[in-house]
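K.L.:
The listed protein sequences correspond, in order, to chains Z and H.
The first sequence begins at 4 in the numbering used here and counts up by one.
The second sequence begins at 6 in the numbering used here and counts up by one.
What the hints contain is simulated information worked out from the structure, not anything from laboratory work.
Treat the numbers as computed from the prediction; the structure is a model and nothing was measured.
Idealized CB from N, CA, C, for every residue including glycine.
The reader is advised that the hints may include incorrect statements.
Derived coverage of chain Z by chain H (criterion: at least 3 residues anywhere in the stretch with Cβ under 8 Å from a Cβ of chain H; other residues may be distant) [as the list claims (entries may be wrong)]:
1) 90-102
2) 170-182
Not everything, but these chain H residues come out facing chain Z in the computed CB check (under 7 Å) [said to hold, decoys possible]:
3) Met6
4) Leu18
5) Leu22
6) Pro35
7) Val38
8) Ile52
9) Ala57
10) Thr78
11) Gly83
12) Lys94
13) Lys96
14) Ser98
15) Val101
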Amino acid sequence: MALRDIKPTRSELINLKRRIQLSERGYKILKMKRDGLILEFFKVLGQAKDSQNALNAAYARAEEMMAVANTVEGAIGVKSAAFSVKEVPQIGVKQKNIMGVVVPEIQGSSVTKPLVDRGYGVLGTSSTIDETASAFEDLVEQIIRSAEIETTMKRLLEEIEKTKRRVNALEFKVIPEQAEARDFIKMRLDEMEREELFRLKRIKARSQA
Amino acid sequence: MEIAVIGSSDFILGFRLAGIHRTYAVDDEPRLVEAVNQALADPQVGILVLSASDMERVPRRLQTQLEESVRPTVIAIGGKEAGLSLREKIKRSVGVDLWK
Chain Z
4 MALRDIKPTR
14 SELINLKRRI
24 QLSERGYKIL
34 KMKRDGLILE
44 FFKVLGQAKD
54 SQNALNAAYA
64 RAEEMMAVAN
74 TVEGAIGVKS
84 AAFSVKEVPQ
94 IGVKQKNIMG
104 VVVPEIQGSS
114 VTKPLVDRGY
124 GVLGTSSTID
134 ETASAFEDLV
144 EQIIRSAEIE
154 TTMKRLLEEI
164 EKTKRRVNAL
174 EFKVIPEQAE
184 ARDFIKMRLD
194 EMEREELFRL
204 KRIKARSQA
Chain H
6 MEIAVIGSSD
16 FILGFRLAGI
26 HRTYAVDDEP
36 RLVEAVNQAL
46 ADPQVGILVL
56 SASDMERVPR
66 RLQTQLEESV
76 RPTVIAIGGK
86 EAGLSLREKI
96 KRSVGVDLWK
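Use the sequences and the hints to build the structure in full.
P.N.:
What follows is the structure, encoded as structure tokens:
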């Protein structure tokens, strides 16, 4: 708002004062929200580090088991077992609310399966296949957990950025501008009052002379 | 919703063993990009799993899109780079490098 657009009237001043009050209240609340979000973010950050490490460990283990299974059973054996698995792991997404940020809560169902439900013949395959399958099931479970945490982080970060931008805009742009406008109107009104007084005095002096 | 896995045939084999049916075996870059785009457009896919080396192979633009995508959530596994984009984001929004 450029200064020349402001009408120096009393009603404008009252409006402006009210708006400044509102901006300051909003600024305080947003600042609290930002701090709260960052606190919340710290909690998730710890979890994210752990899950990242767990994910890498699970992947390394699964890879290793796969290599063993490939050696013992041969690539064809592993493949035929893999293609006969029927049960598909499903994931359900629920929503959770952290300080106004909607984050998903992902749940996996039928990820880990008992041996007989896996679909391949138990007798025709060796135990390495079973172990590989369970290693990968663990990996999938870990992936689901990581996905939830990662999405939560992304959403929180977005919200933090947005809130920060708003706080800064209020602190450095909106409130100072409004204060400047208020001061301008005050000065202008005072000036007009003085002019008026001076004019009256002049008229009075002229009429007396 | 389901989990989708994109990668080399060796990479996806294990996931098939865990019961995931939405696996796309890709070996060259154009097919990879095509599969990734397909998975991104599919409303049934909730989580998309890629290997970190494949993640690096997709064009930069698509990579950013993958990193920022929330639905489906894209997880890259097997590499050290997995947390790098997130780290950048943290730096940008919090102002401090909090990762490690």
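K.L.:
Hint by hint, note whether the structure agrees.
P.N.:
Evaluated hints:
| no. | hint | verdict |
| --- | --- | --- |
| 1 | 90-102 | holds (count 7) |
| 2 | 170-182 | violated (count 0) |
| 3 | Met6 | holds, 5 Å |
| 4 | Leu18 | holds, 5 Å |
| 5 | Leu22 | holds, 4 Å |
| 6 | Pro35 | violated, 25 Å |
| 7 | Val38 | violated, 22 Å |
| 8 | Ile52 | holds, 5 Å |
| 9 | Ala57 | violated, 10 Å |
| 10 | Thr78 | holds, 4 Å |
| 11 | Gly83 | holds, 5 Å |
| 12 | Lys94 | holds, 5 Å |
| 13 | Lys96 | violated, 10 Å |
| 14 | Ser98 | holds, 4 Å |
| 15 | Val101 | violated, 10 Å |
When the structure is compared with the earlier hints, violations turn up for hints 2, 6, 7, 9, 13 and 15 and for no others.
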